[in-house]
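Kindly produce the complete structure, drawing on both the sequences and the hints.
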Amino acid sequence: ESSAEVLSSDLLRRQTVTPESADRAADAIEEFYRSQGYLGVAVRRAAFAPLAAGGGPTRQVEVSYEVRAGARATLRSVEVSGGVPGVPGTALFADLVGKSLNPNSVAERARRIVERHQQQGFIHADAHVATTLDAAGTEAAVRIEVVPGPLVLVRSVLVRGHSRTRRDTIERPIDVHPGDPVSPAGLAEIRRSLYDLGVFSRVSVEPVGDEDRVKDIIVTVAEKKNLSFEVGGGIATDNGAAVFARAGHRN
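Residues in the sequence shown are numbered from 1 upward in steps of one, following our numbering.
Think of the hints as simulated: they come from the structure by calculation, not from any bench.
Be aware that one or more of the hints could be misleading.
Computed cross-link-like contacts, SDA-like style, restricted to lysine to any residue with a CA-CA straight-line distance of at most 25 Å [unchecked claim]: (1) Lys215 x Gly179; (2) Lys215 x Arg172; (3) Lys225 x Tyr195; (4) Lys99 x Arg34; (5) Lys215 x Ile170; (6) Lys99 x Arg155; (7) Lys99 x Pro85; (8) Lys215 x Val176; (9) Lys99 x Thr131; (10) Lys215 x His162; (11) Lys225 x Glu211; (12) Lys225 x Val203; (13) Lys224 x Pro181; (14) Lys224 x Gly179; (15) Lys224 x Arg202; (16) Lys215 x Gly137; (17) Lys215 x Arg191; (18) Lys99 x Gln36; (19) Lys215 x Thr74; (20) Lys99 x Thr74; (21) Lys99 x Ser35; (22) Lys225 x Gly179; (23) Lys225 x Pro181.
Below is the structure:
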């Protein structure tokens, strides 16, 4: 891929070209070079010149850029420190070592480490990436410090906003309990399971509280209008007790 191909239709070819949009294209060229290991690249718009007017109402311009790429850096090592046991660290970067340094790829792998911590209940986890170049600017060493923060546990689960739907109907599908780790996946599962009931138009699930290590999970629901909800039970000869739930709109 060349720098010319970076000037995509979204940047220049499908809109009116102005000096400002041409400068945005220069930023895109610069980002492309950085992704190829040219960390010290500098790109500037060298010319913005209207071409000779044609017979139609549209005028064309010629835009040229000056690119000073500088040295190309190869990723020689990655060291990951901190973090909790069981979460991949340095091994996650093995396929990047020996190739041109792509800061975006390194940052994306660091985000994966943070997300894995968050799914285990370390919802305040963060990672700090530091890149060191040798004197020639051709060899890069990356150090990533993972800061897990405290393990955050559920203190309570509180449900708000319902008036017609029974509380136990709402609580039954919520598979998060006091003492469990707070995780984005767990909160998303609460939302999904409550929407699956078919009786709510809106569901929000938020961890709240001033303490770092425990949070109350506040579940706020909005019931659909003109909705009836029915719960019943009975005896089946083959399966023992049977329970059913049915939601529907009132006429």
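Each hint, compared with the structure:
Taking the CA atoms of Lys215 and Gly179, the gap is near 10 Å; set against the 25 Å cutoff, the hint holds. Between Lys215 and Arg172, the direct Cα distance comes to roughly 20 Å. Compliance with the 25 Å bound is thereby established for this hinted pair. With a C-alpha separation of about 15 Å, the suggested pairing of Lys225 with Tyr195 holds against the 25 Å cut-off. With a C-alpha separation of about 13 Å, the suggested pairing of Lys99 with Arg34 holds against the 25 Å cut-off.
Between Lys215 and Ile170 the alpha-carbon distance is near 20 Å, which keeps this suggested pair within the 25 Å criterion. At roughly 47 Å between alpha-carbon atoms, Lys99 and Arg155 are farther apart than 25 Å, so this suggested pair is violated. A distance of roughly 28 Å separates the Cα atoms of Lys99 and Pro85; the hinted pair therefore is violated under the 25 Å criterion. With a C-alpha separation of about 12 Å, the suggested pairing of Lys215 with Val176 holds against the 25 Å cut-off.
Under the criterion of a C-alpha separation no larger than 25 Å, the hint pairing Lys99 with Thr131 is consistent with the structure, at around 15 Å. Restraint check for Lys215 and His162: the C-alpha separation of about 22 Å stays at or below 25 Å, so the hint holds. Proximity of Lys225 to Glu211 is assessed by CA-CA distance (about 37 Å); at most 25 Å being required, the pair is judged violated. Using a Cα cut-off of 25 Å, the hinted pair Lys225 and Val203 holds, with the two alpha carbons roughly 14 Å apart.
Proposed proximity of Lys224 and Pro181 is contradicted: the alpha carbons are some 31 Å apart, above 25 Å. Between Lys224 and Gly179 the CA atoms are separated by roughly 32 Å; this puts the pair beyond 25 Å, and the hint is violated. Restraint check for Lys224 and Arg202: satisfied, since their Cα atoms lie roughly 8 Å apart, inside the 25 Å limit. With a C-alpha separation of about 47 Å, the suggested pair Lys215 and Gly137 falls outside the 25 Å cut-off, and the hint is violated.
Distance hint between Lys215 and Arg191 is fulfilled; the C-alpha atoms sit about 17 Å from each other, no more than 25 Å. As the CA atoms of Lys99 and Gln36 are separated by approximately 9 Å, the hinted pair is consistent with the 25 Å bound. For the suggested pair Lys215 and Thr74, the alpha carbons sit about 44 Å apart, so the restraint of at most 25 Å is broken. A C-alpha spacing of about 5 Å is found between Lys99 and Thr74, which places the hinted pair at or below 25 Å, so the restraint holds.
Of the pairs offered as hints, the one joining Lys99 and Ser35 holds, with about 11 Å between alpha carbons and a cut-off of 25 Å not exceeded. In summary, the hint linking Lys225 to Gly179 is not supported, as the alpha carbons are separated by about 35 Å, beyond the 25 Å threshold. Of the pairs offered as hints, the one joining Lys225 and Pro181 is violated, with about 34 Å between alpha carbons and a cut-off of 25 Å exceeded.
The structure is inconsistent with the numbered hints 6, 7, 11, 13, 14, 16, 19, 22, 23, although it conforms to all the rest.
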